[in-house]
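Asks: Sequence lines, in order, name chains A and B.
Its first residue numbered 1, the first sequence is counted upward by one per residue in this note's numbering.
Its first residue numbered 1, the second sequence is counted upward by one per residue in this note's numbering.
What the hints contain is simulated information worked out from the structure, not anything from laboratory work.
One or more of the hints may lead you astray.
Below 20 Å or equal to it, Euclidean Cα-Cα: the simulated SDA-like pairs (lysine to any residue) are [unchecked claim]:
id, chain 1, residue 1, chain 2, residue 2
1, A, Lys-310, B, Gly-2
2, A, Lys-52, B, Arg-24
3, A, Lys-52, B, Lys-37
4, A, Lys-52, B, Val-26
5, B, Lys-37, A, Pro-51
6, A, Lys-310, B, Gly-11
7, A, Lys-52, B, Val-32
8, B, Lys-37, A, Gly-50
9, A, Lys-52, B, Gln-27
10, A, Lys-52, B, Val-30
11, A, Lys-310, B, Trp-4
12, A, Lys-310, B, Trp-12
13, A, Lys-310, B, Ser-5
14, A, Lys-52, B, Gln-33
15, A, Lys-310, B, Glu-6
16, B, Lys-37, A, Leu-47
The model shown is predicted, which means the values in this text are computed figures rather than measured ones.
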Amino acid sequence: MWQALGNMLGADLSRLLLGLVIILAFSQLNALFLVWLERKVAGHIQLRPGPKEVGPFGLLQTIVDGIKLVGKELITPRLADRKLFVLAPVLVFMPVLVGFMVLPFSPGLIIRDMNVGLLLIFAFSTFSVLAILAGGWASNNKYALLGAIRSVAQNVAYEIPLLLSVMAVVLTVNSLRLSDIVSAQHRVWFFMLQPVAALIYLICATAETNRAPFDIPEAESELVAGFHTEYSGMRFGLFFLAEYTNMFVVCAVATALFFGGWYGPFGFQLGIPGVVWFLLKTYFLLFVIMWVRWTFPRLRFDQLMNFSWKVMIPLSLANLVVTAAVIKLI
Amino acid sequence: MGYWSEMLEGGWSLVQGMRVTVRRLVQPVVTVQYPRKHLQPSPAYRGHTELKRFAETETHACIACGTCQRRCPSGVIKVQGVKSHAKSSKVATHYLIDYTRCSLCGLCVECCPTQTLKFSTQFALEGVSRWDGVIDLIERLEENKS
Numbered sequence: 001m002w003q004a005l006g007n008m009l010g011a012d013l014s015r016l017l018l019g020l021v022i023i024l025a026f027s028q029l030n031a032l033f034l035v036w037l038e039r040k041v042a043g044h045i046q047l048r049p050g051p052k053e054v055g056p057f058g059l060l061q062t063i064v065d066g067i068k069l070v071g072k073e074l075i076t077p078r079l080a081d082r083k084l085f086v087l088a089p090v091l092v093f094m095p096v097l098v099g100f101m102v103l104p105f106s107p108g109l110i111i112r113d114m115n116v117g118l119l120l121i122f123a124f125s126t127f128s129v130l131a132i133l134a135g136g137w138a139s140n141n142k143y144a145l146l147g148a149i150r151s152v153a154q155n156v157a158y159e160i161p162l163l164l165s166v167m168a169v170v171l172t173v174n175s176l177r178l179s180d181i182v183s184a185q186h187r188v189w190f191f192m193l194q195p196v197a198a199l200i201y202l203i204c205a206t207a208e209t210n211r212a213p214f215d216i217p218e219a220e221s222e223l224v225a226g227f228h229t230e231y232s233g234m235r236f237g238l239f240f241l242a243e244y245t246n247m248f249v250v251c252a253v254a255t256a257l258f259f260g261g262w263y264g265p266f267g268f269q270l271g272i273p274g275v276v277w278f279l280l281k282t283y284f285l286l287f288v289i290m291w292v293r294w295t296f297p298r299l300r301f302d303q304l305m306n307f308s309w310k311v312m313i314p315l316s317l318a319n320l321v322v323t324a325a326v327i328k329l330i
Numbered sequence: 001m002g003y004w005s006e007m008l009e010g011g012w013s014l015v016q017g018m019r020v021t022v023r024r025l026v027q028p029v030v031t032v033q034y035p036r037k038h039l040q041p042s043p044a045y046r047g048h049t050e051l052k053r054f055a056e057t058e059t060h061a062c063i064a065c066g067t068c069q070r071r072c073p074s075g076v077i078k079v080q081g082v083k084s085h086a087k088s089s090k091v092a093t094h095y096l097i098d099y100t101r102c103s104l105c106g107l108c109v110e111c112c113p114t115q116t117l118k119f120s121t122q123f124a125l126e127g128v129s130r131w132d133g134v135i136d137l138i139e140r141l142e143e144n145k146s
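Bound conformation, chain A alone (with noise of 0.2 Å):
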C-alpha cells in the first residue's frame, strides 16, 4: 500500500499525507490520556481518588466525556460574528498540529526535518493567540473579550523571553534544525548548560499554554470560562483539545530543545529506543506543568506582567548576552 500510495502521489506528499494522519490520531488520544492524567493528579494532590468508575483506573472517563461534547448541540449567540466564530476553533487546533511535522520523536521518525524547524513551531505557536482572539471577539460577550483580551497581553509579554531564552540554545548549536539540536546532546543536556534558559523557557511555555498559574484568560473565577464562555460541545471540544496538545507539543519542544530528545542520560541508551525516551521525557515535563497547575494559585494580572517584563526578559536576556560571549570566547 505504501508503494502504491508512493507511485501516486509521489514518495513527498504520502509521507505527509500518513504523518497527518498519524498525527491526528495521536494527539487526539494524547489529549484523552492527558485529561485523564490531569484529573487524576489533581485528584491525588487533594487526597481523592480522581476518575475510578468508567474503565479500569476510569481510562475511559475521557472518551465518555467526549461523545457527551460531540452529542451536545452547537450554539452560536445571536448576535455573534458567525463566521469568526466558527472559524476559531478550528484556527486554535491548526497551528498546534503543524507543530508535530517537525518533532523529532527519534531520529528516524521526523515527519519533516525542516532547517527551520524551531522557528515554525514557535510562529505557528503564535498564530494560535490570534485564534483565541477572534474566538473571543466573535462571541460578542464582555467575559469572553475580556479573556481575549487579557490572553493577547499576556502571549505578547511571555513569547519574548520564551523566544530569547530558545535563542541561547540555537546560539550554541548554531542550527535551528531540531534533529541538529538533539543530536549535539548526546553526552550533555542543555539543561544542564543553560540552566536558566531552561527553567525559562519551562516558565514561559506554561504562560504561553495558559496553564495554571497563568491562567488568567480563562480565570473561571473572575471571567466565567474566558474566551471560551460561549463555545459548546464540540467546539469547546477543540478549543480544549487544542490546549492539551499545544502543551506536548510545548513539552516536546523543551525535550528536545533542554532534556537531549531521544538519547538517555549522559549518553547511555540503556536499550531503550529513543522514541520511549523522548515521549518518556516529554510527559514527565508534562506531569511537572500539572503539578504546578495544581498547586500554585493564579497570579493577579499585575503581577503577572511585572513577572514578565520585571523578571524574565531582562534575565533571559543577560543570559542570552552571557551565552553569546562564552560561545565568542570558546
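Got chain A sorted already, so can you dock chain B onto it with the hints?
Replies: Below, chain B without anything else, positioned relative to chain A:
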C-alpha cells in the same frame, strides 16, 4: 539587593509549595466510596430518636407517660400504652414519631423519666411519601431484636 533576594525567596517558596503537593500525591486517598463503603457515624451523631434496650428486661422501659409527647415543640410524637391489669404500670405499645418534621432538639431524650430514649446513628433514610417519615420506634426495636 531587594530584587534578587525577593526572587530567591519567592523561588524557594515555590519549591516548598511543590514539595507539599508532591507529598500529598503519594499519600493514600482519604475519600470513602460511599455506596460501597460506609463510615461509622460518631456516637454524638443525632439521627431520629430510638428506644434503648435494657439488659435486665431485654426491652425498652417506656411507660407511655406522654411527657415527651407534651414536651415536643413540633408535636411529632404520639405514644400509646396499655395496662395489662388494673394495678400494673403502663407499657407502651406504640411510639410514633414523624421524623420529617422533627427538629432534633432532644427535649424528648432529656425529659424521659425512665431514660429510655436515645439518638440513633441512622443517616441514610429515604422514602417516596410523607408517611415514610413516620417511624414506629417500638416496631423498630422489635425488628432489631431478630
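Asks: Decide, hint by hint, whether the structure agrees.
Replies: Going through the hints against the structure:
1. A:Lys-310 x B:Gly-2: The given pair, whose Cα atoms are some 13 Å apart, holds under the 20 Å limit.
2. A:Lys-52 x B:Arg-24: Answer holds: A:Lys-52 to B:Arg-24 is near 19 Å, not above 20 Å.
3. A:Lys-52 x B:Lys-37: holds (15 Å)
4. A:Lys-52 x B:Val-26: holds (17 Å)
5. B:Lys-37 x A:Pro-51: Holds, at about 17 Å.
6. A:Lys-310 x B:Gly-11: holds (15 Å)
7. A:Lys-52 x B:Val-32: Holds: A:Lys-52 and B:Val-32 sit about 13 Å apart, inside 20 Å.
8. B:Lys-37 x A:Gly-50: At roughly 17 Å apart (the allowed maximum being 20 Å), A:Gly-50 and B:Lys-37 satisfy the hint.
9. A:Lys-52 x B:Gln-27: holds (17 Å)
10. A:Lys-52 x B:Val-30: holds (14 Å)
11. A:Lys-310 x B:Trp-4: holds (12 Å)
12. A:Lys-310 x B:Trp-12: Cα-Cα ~19 Å, so holds.
13. A:Lys-310 x B:Ser-5: holds (14 Å)
14. A:Lys-52 x B:Gln-33: holds (10 Å)
15. A:Lys-310 x B:Glu-6: holds (12 Å)
16. B:Lys-37 x A:Leu-47: holds (17 Å)
Going down the numbered hints, you'll see the structure goes against none, and every one checks out.
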